[in-house]
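So the sequence lines, in the order shown, correspond to chains L and X.
All residue numbers for the first sequence refer to the working numbering, where the first residue is 3 and numbers rise by one.
All residue numbers for the second sequence refer to the working numbering, where the first residue is 5 and numbers rise by one.
It should be emphasised that the hints constitute simulated quantities derived from the structure, not laboratory data.
Worth double-checking, as some hints may not be accurate.
Using C-beta positions, here's what the derived DEER-type ranges look like [claimed, not checked]:
#1 X:Lys384 to L:Val16: 49 to 59 Å
#2 L:Leu100 to X:Ser432: 55 to 65 Å
#3 X:Asp97 to L:Ile62: 49 to 59 Å
#4 X:Ile315 to L:Asp174: 41 to 51 Å
#5 X:Glu391 to L:Leu22: 29 to 39 Å
#6 L:Asp302 to X:Glu261: 41 to 51 Å
#7 X:Gly189 to L:Ser172: 25 to 35 Å
#8 L:Arg226 to X:Arg208: 43 to 53 Å
From the structure, some residues in chain L lie toward chain X, with a derived Cβ separation under 10 Å [to be verified]:
#9 Asp34
#10 Ser85
#11 Ala89
#12 Leu148
#13 Gly149
#14 Val158
#15 Pro265
#16 Leu270
#17 Phe276
Okay, the calculated bits of chain X under chain L, using three or more residues with CB under 8 Å as the criterion [said to hold, decoys possible]:
#18 183 to 197
#19 226 to 237
#20 243 to 251
#21 392 to 403
A quick note: this is a predicted structure, and the numbers were derived from the prediction, not measured.
All C-beta atoms in this analysis are idealised placements derived from N, C-alpha and C, irrespective of residue type, glycine included.
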Amino acid sequence: MHWLARQLLRLVAVLFCVTLLTYLIVNILPGDVAIAILGSLATPQDIAGLRADLGLDRPILIRYFDWLGSALTGDLGRSYRNSEPVAQAIADRLPVSLQLMVMAQVIALGIAVPVALLSVRRPGGLFDRISASAAFGFLAMPNFMLGVVLIYLFSVTLDLFPATGYTPLSEDIWGNLESMILPALTLGLVEWTVLMRVLRSDLLGTLKEDFILLARAKGLPPWRVLLRHALRPSSFTLITIVGLNIGGLIGGAVIVEQIFALPGVGRLLLGGIFNRDLILVQGTVSFIAVGFVVVNFLVDMLYAVLDPRVRHVRFRS
Amino acid sequence: MGLFSRRAGLLAAFSAGLLTAAPAVAQTQAPVRGGTLSIGVESDFEGFDPIRAGVYSNSTVTAASLFYETLMRLDDKGGLLPALALSMTPNEDGSIWVAKLRPGVKFHDGSPFTAQSVADHFNRLLDPNNRFAGRAYIAIEKVEVGDELTAVFKMRGPNAALPKTLAQPSVTTLIISVKALQEKGADYNRNPVGTGPFVFKEWRAADRLIAERNPNYWDKDKPYLDRVIVRPLPDSDARYASLVKGDVQVIWEDRAENIVKAKKDKNLITLHWVGSGALVVPLNTQREPLNDKRVRQAISMGLNRKGNAAILSQGLRPVYDDPYGPASGITCADTGALPYDPERAKKLLADYGKPVKLVHTVTATPRGREGAQVFQADMKKIGIDVEIKPVDQTQLVKETLSRDFLVSGWRIIDLADVDPQMFANFHSKSPINFSGYNNAEVDRLLLIGRTTLDENKRKAAYCDLIKILNDDVVWLWTGSNIDFAITRSNVRGIPALRGGAVQVEAAWLAK
Numbered sequence: 003m004h005w006l007a008r009q010l011l012r013l014v015a016v017l018f019c020v021t022l023l024t025y026l027i028v029n030i031l032p033g034d035v036a037i038a039i040l041g042s043l044a045t046p047q048d049i050a051g052l053r054a055d056l057g058l059d060r061p062i063l064i065r066y067f068d069w070l071g072s073a074l075t076g077d078l079g080r081s082y083r084n085s086e087p088v089a090q091a092i093a094d095r096l097p098v099s100l101q102l103m104v105m106a107q108v109i110a111l112g113i114a115v116p117v118a119l120l121s122v123r124r125p126g127g128l129f130d131r132i133s134a135s136a137a138f139g140f141l142a143m144p145n146f147m148l149g150v151v152l153i154y155l156f157s158v159t160l161d162l163f164p165a166t167g168y169t170p171l172s173e174d175i176w177g178n179l180e181s182m183i184l185p186a187l188t189l190g191l192v193e194w195t196v197l198m199r200v201l202r203s204d205l206l207g208t209l210k211e212d213f214i215l216l217a218r219a220k221g222l223p224p225w226r227v228l229l230r231h232a233l234r235p236s237s238f239t240l241i242t243i244v245g246l247n248i249g250g251l252i253g254g255a256v257i258v259e260q261i262f263a264l265p266g267v268g269r270l271l272l273g274g275i276f277n278r279d280l281i282l283v284q285g286t287v288s289f290i291a292v293g294f295v296v297v298n299f300l301v302d303m304l305y306a307v308l309d310p311r312v313r314h315v316r317f318r319s
Numbered sequence: 005m006g007l008f009s010r011r012a013g014l015l016a017a018f019s020a021g022l023l024t025a026a027p028a029v030a031q032t033q034a035p036v037r038g039g040t041l042s043i044g045v046e047s048d049f050e051g052f053d054p055i056r057a058g059v060y061s062n063s064t065v066t067a068a069s070l071f072y073e074t075l076m077r078l079d080d081k082g083g084l085l086p087a088l089a090l091s092m093t094p095n096e097d098g099s100i101w102v103a104k105l106r107p108g109v110k111f112h113d114g115s116p117f118t119a120q121s122v123a124d125h126f127n128r129l130l131d132p133n134n135r136f137a138g139r140a141y142i143a144i145e146k147v148e149v150g151d152e153l154t155a156v157f158k159m160r161g162p163n164a165a166l167p168k169t170l171a172q173p174s175v176t177t178l179i180i181s182v183k184a185l186q187e188k189g190a191d192y193n194r195n196p197v198g199t200g201p202f203v204f205k206e207w208r209a210a211d212r213l214i215a216e217r218n219p220n221y222w223d224k225d226k227p228y229l230d231r232v233i234v235r236p237l238p239d240s241d242a243r244y245a246s247l248v249k250g251d252v253q254v255i256w257e258d259r260a261e262n263i264v265k266a267k268k269d270k271n272l273i274t275l276h277w278v279g280s281g282a283l284v285v286p287l288n289t290q291r292e293p294l295n296d297k298r299v300r301q302a303i304s305m306g307l308n309r310k311g312n313a314a315i316l317s318q319g320l321r322p323v324y325d326d327p328y329g330p331a332s333g334i335t336c337a338d339t340g341a342l343p344y345d346p347e348r349a350k351k352l353l354a355d356y357g358k359p360v361k362l363v364h365t366v367t368a369t370p371r372g373r374e375g376a377q378v379f380q381a382d383m384k385k386i387g388i389d390v391e392i393k394p395v396d397q398t399q400l401v402k403e404t405l406s407r408d409f410l411v412s413g414w415r416i417i418d419l420a421d422v423d424p425q426m427f428a429n430f431h432s433k434s435p436i437n438f439s440g441y442n443n444a445e446v447d448r449l450l451l452i453g454r455t456t457l458d459e460n461k462r463k464a465a466y467c468d469l470i471k472i473l474n475d476d477v478v479w480l481w482t483g484s485n486i487d488f489a490i491t492r493s494n495v496r497g498i499p500a501l502r503g504g505a506v507q508v509e510a511a512w513l514a515k
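Next up, chain L with everything else stripped away, as it sits in the complex:
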């Protein structure tokens, strides 16, 4: 079967499994959405009545397939809490989360790539050892703690950035960047560590290859050898990790959006979980799953761009 068709079939199967699993897990969580909506004063009759109105007295699988049928037409339902269309709620908040994740990834790569390149110039040297220690240090720090530290340092003490809140890009570009720098740093300063270690390891392996020896023998400067000849073939694992890291970034974004009070998809999801807003949680998680799978699909496509051998093999298969 054509490679692309196989990938698409796999995509559909993964999405079906993820959405079904999410639906089952959300529905067996303790707590009751009717109580979350009606409050602690609700009578048992009111609770039962609301559950019936919301269709929560129907079997789980029937509810799931109902939801799936609507989701395939773009209708993710309405929030149990405030009747806001879930698709609209996600669309409103997606730009914030996307900007956060893109900025975090740019910061992470912006630190990881130069640090890895500098580290492999003298493996085991002073810079290499310091960068390794720094990487472990940042990796060990929970991002909620890092976020608060950055707030107190850059916002309260140095008065450089706002502590919390979000300014839309359409309102003020500089204000938007100011409001996103600390949250993006909070995520990026943890992400760079893994990227740097992976890239460093691949670079060390590539630098032992014969073509590198030839490049050096031709008298090319060390920086040209690293950047022009070693970096590209060493990037495959890095690209894979960047794609897989989306999941980690999304999880981190949930926490970071809560700390910095950013109106993103992560916060929407967290609010839905606390309020037992099953429809909202289902729609948001499914959307995130689709995003994750699509990104990794694009990462696969990117391999073909970077490595002609992959294009050739795929074409032949």
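Use these hints to put chain X onto chain L, whose structure you have.
Then chain X, alone, in the frame of chain L:
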């Protein structure tokens, strides 16, 4: 005292309220007009249609109080003041209350505020088809229209507490425009219309709510501010940092560490309010071993309530021997509270003669766990094993309301009058008497508290009631309802934080 003089006494009290419409906070400087005030609150808003929202958190009350109002208001001492109503007058036994409304008030969409508006608001909440959960606590049967500016409240029975109950801002008492709701449908929940000092402008979900000065507000002197922004800032440390930095000028706060820090910061002012109600630990008196009074009394005497509260709140939260609190106006010379006496507790348990094991259900939050851990530690000292069962908030509510618990964690919230909750929690016929407590004398005293228009007799009944509840140890009172707000030093005019809400209709920014 005759019927006439009893009603006259009440009328005199309300009339005195009309004459003392002074600002809630004494000021040496004249209010400055203008400016934008940003308030940081703990959580996002549920929405502003009371039926859809179900319950207003204190974050939502803070926001809703910008554009909604109550019929009456309370000053900082608990005295009644006119608001949308100029007076409320009872009949002989308080089973009917007549509210005379303020003339010339308009909703933000220009439609007039009338007795029909009041009737529509309350009758909608009372309609069982709407499933408004707070219905159980509303003592109103229905509201009728007398004339354009006269609303008639027909009560379920004699009720002395109605004006004070209606004065505290809450999901029930903040009056919405039902007309606007009918026009906007489901969108109303995110686009409220009221009569308040500020007009709703925009709500960016999870980001901020913006309200602007109502130029047609009935009180021509107010509000002083041009604009109010309410921002949900869920992380306590980040919220405090935002205040210190100046991104917001007021925050609601409950972390003792931040409050202690703020008290030392000369750029900040700490406001606090000890309300009525209490943090409580309900005991299920229908289940073994708590169906035995000796065990319950042992628990009470083995629990160092005041010491624990001092540790958990760094000395910020007082503990009383009743759930009324200073804001209720009920002070009992003798509450009959059992002393902290672990040795006596051990003797009672020895008398009981069987091992006692308890399960303490709490919310799976730091606050819930801390309270349960100190309870567990104290019980261990007197020989009671306690298993802590942390659950989600909605699960705790479900288990407690269905009486599927042994020891739970709960709160009697800060209301202007103690009747609604005391009656609901302890009357034997109440569907939410989840301890299963049944005492005929308690029922009788609760009825007196509910129906007697004589304030002194009401207070005496509540004081007799608490002696019985303390002796029977139905619930444990583990801390008062205390709310804090911290402001920048130039913020003035914020009244008492009733129910934890930050109200800013009289707030202003000093230069």
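Structure-based check of all given hints:
1. Roughly 50 Å separates the CB atoms of X:Lys384 and L:Val16, a value that falls within the hinted 49 to 59 Å.
2. Between L:Leu100 and X:Ser432 the Cβ separation comes to about 58 Å, which falls inside the hinted range of 55 to 65 Å.
3. Between X:Asp97 and L:Ile62 the C-beta distance comes to about 53 Å, which sits within the given range of 49 to 59 Å.
4. About 46 Å separates the C-beta atoms of X:Ile315 and L:Asp174, a value consistent with the hinted range of 41 to 51 Å.
5. Range check, X:Glu391 to L:Leu22: about 35 Å between beta-carbon atoms, so the 29 to 39 Å window is met.
6. As the Cβ distance of L:Asp302 to X:Glu261 is approximately 49 Å, the hint placing it in 41 to 51 Å holds.
7. A beta carbon spacing of about 28 Å between X:Gly189 and L:Ser172 agrees with the range 25 to 35 Å that was offered as a hint.
8. A hinted range of 43 to 53 Å for the beta carbons of L:Arg226 and X:Arg208 is consistent with their spacing of about 50 Å.
9. A hinted interface residue such as L:Asp34 counts as satisfied when its beta carbon comes closer than 10 Å to some beta carbon of chain X; here the least separation is about 5 Å, so the hint holds.
10. With its C-beta approaching chain X no nearer than about 5 Å, L:Ser85 sits inside the 10 Å limit, and its interface hint holds.
11. For L:Ala89, the interface hint is violated, since its Cβ never comes within 10 Å of a Cβ in chain X; the closest pair sits about 14 Å apart.
12. With 10 Å as the threshold, the beta carbon of L:Leu148 stays out of range of chain X, its nearest partner Cβ sitting at about 12 Å, so the hint is violated.
13. Against a cut-off of 10 Å between C-beta atoms, the interface hint on L:Gly149 holds, since the closest Cβ of chain X lies about 8 Å away.
14. Of the supplied interface hints, the one on L:Val158 holds, with its beta-carbon coming within about 5 Å of a beta-carbon of chain X, less than 10 Å.
15. Taken as an interface hint, L:Pro265 checks out: its beta carbon lies about 4 Å from the nearest beta carbon of chain X, inside 10 Å.
16. A cut of 10 Å between beta carbons decides the hint on L:Leu270: the least distance to chain X is about 7 Å, and the hint holds.
17. At about 8 Å, the closest approach between the beta carbon of L:Phe276 and any beta carbon in chain X falls short of 10 Å, and the interface hint on this residue holds.
18. Only residues whose C-beta sits within less than 8 Å of a C-beta in chain L count toward coverage, and the stretch 183 to 197 of chain X has 3 of them, enough to reach three; the restraint holds.
19. For the stretch 226 to 237 of chain X, the stated coverage by chain L holds: 3 residues have a C-beta nearer than 8 Å to a C-beta of that chain, and at least 3 were required.
20. Counting residues of the stretch 243 to 251 of chain X whose beta-carbon sits less than 8 Å from any beta-carbon of chain L gives 6, enough to reach three: the coverage restraint holds.
21. With a threshold of 8 Å between beta carbons, the proposed coverage of the stretch 392 to 403 of chain X by chain L holds, since 7 of its residues qualify and at least three are required.
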